[in-house]
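Colleague: Sequences and hints are given; from them, build the entire structure.
Protein chains in written order, with this note's numbering: chain B, 1 to 100; chain U, 1001 to 1440.
Simulated from the structure, these hints should not be mistaken for lab results. Heads up, some of the hints might be wrong.
Chain U regions said to be covered by chain B (calculated; three or more residues, Cβ under 8 angstroms) [to be verified]:
id: 1; stretch: 1100–1108
id: 2; stretch: 1163–1173
id: 3; stretch: 1254–1260
id: 4; stretch: 1281–1291
For each residue, glycine too, the CB sits at the ideal point set by N, CA and C.
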Amino acid sequence: MKLLSLSEQLGLVSYRNQAKSEIKPHIVVDTDICNSTCPHKCTTYVCPANCYTKDENGKVHFQVEDCIECGTCMYACDQGAVSWEFPDPEIGRGVTWNYG
Amino acid sequence: MDEKFDCIIVGAGVAGLSAAMTLARANMKFLLIEKGEFPGSKNVSGGVLWGNDLAKLVPNYWEEDTGWDRFINHRRLTFLDEESSFSIDFKSSHFNEPPYTGVVVLRSKFDRWLAEKVEEAIAESDFAMDSFIAPNILVEEVLMENGKAVGIRTGDEKFFTDSIIIAEGVNNLLTRQVGLQDKYVPADHMLTGVKEIIRFDQSILEDRFQLNGKSGMSNEFVGFATNGIEGGGFLYTNKDTISLGLVLGLKDLREKEQAPYNVLNHFKKHPVIADMIRGGEVVEYSAHIVSSGDKRVMPEKLYKAGLVICGEAANLLMNAGKAIQGMDYAMRSGILAAEAITNAKENNDFGEEAMKAYQTALEDSYIMKDINNFQDAVHLLHDPVMTQKVPNLICDFGRNFFSIKNEPTPKSRTMLRGAIKRHASYWELLKLGIKGGKAL
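Modeller: So, in structure tokens, the structure goes:
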């Protein structure tokens, strides 16, 4: 069986309010902390949806669009950079599982 | 809805729905709030619902073909090294008759179905027009007055109630807000679960896993599956899909700098797993945090005046080696919460003592008895000797034991000694054996 890449896996996820261009992010990341004092930048690999990425200069960036609300970053970040809420049903993103 | 409710339940997962069912049957007026589009739409589990409390909530549920996927009559625990698997396998027709002692469920389907059953119970109650399941609403705040929970706020809207059942799941923001859990919960005793739903032609699935009618199999894995990360793997057979996934210690993932989706693909590449999933089509990828059953991080107090916490919001989950139990704990704790609140209503006292009765009932139930009794087993299962060295040792022994070479065969104990020498020390195993003897 062919193994899926993460983008193929995420392509199977149903997101809410996908048609809306303006959404309210339910997670806010203070990447200044990631890029100054954080010794591990662990969210860039432990996030199951790879919402946290490192650019070629090693700088951490965050995007909320692929978030599947698992909660991993809220526990993994021990630097106080992640403010985690649930998405607003009307103007937020987040998932609707087909199987769950 | 300006009138006050007897109870507001936050979260339509297994705990919240079980509480709602119990309240409806006790003729209580309640509001069950769910942030997702429908009950179950944001819920993820492995998952097997163990035990037979479901039969109490929905009598004769097995007569329906909807909601649940398969009953378990086949259990398997598999140790993996790089190329081998060594399993403890138990299958019995003893488990074929309802009420079943374990059913495989997919939460988006199961919770939605259970919510329909709750709607039916509401319709038969005295508050058919006044109790509601309300999806698409996010509770942002628990309203407190003089130390007692009095209602909830969503946006600018407020709803008032005599009592609140928080069943919001493991990412328990409201539990933290009311001060029953620390604001920051560290990664130490949490795990990240990742899972794929893989679809097959139903007859292929049934032939491959030797399923008959609605029978199903649960298979847990230790060793190679997690690529050196503390944790384990699972495979459960659904109707025409399997749930294949891993639970990975989050602290260990962080320290070993691994991505969960890469570990999942590592698991799928194992030759034994590859044979199991051949020809399947992945139809969903999901992930969710799960607690470990380690008491050190569980909220100690699960109540306040007018408020109780149940299910994964209270970190009621445990894997002591026999099964990963979470949904059954959610179900029973939801029922116990609703019973405590029904009693409180009868006595017209929702104060702290009345809510404490819930935690007392929980302590007296199998949930806290098991969690208290099996703490050593929880620690043992997260011991790296257990998750790495033991599976390698067992598979090494298996490879020698089952090799027929047309040459003189050494005694098994000689083979075992060799395997131990190659993978661990007697000292490590002795320590593990003592721990294990105590734990089980």
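Colleague: Work down the list of hints and note, for each, if the structure agrees.
Modeller: A quick look at each hint next to the structure:
1. 1100–1108: As far as the stretch 1100–1108 of chain U goes, the hint holds, because 3 residues have Cβ atoms under 8 angstroms from chain B.
2. 1163–1173: holds (count 3)
3. 1254–1260: This one holds; 5 residues, not fewer than the three required, reach chain B with a Cβ under 8 angstroms.
4. 1281–1291: The restraint on the stretch 1281–1291 of chain U holds, since 8 of its residues have a Cβ under 8 angstroms from chain B and three suffice.
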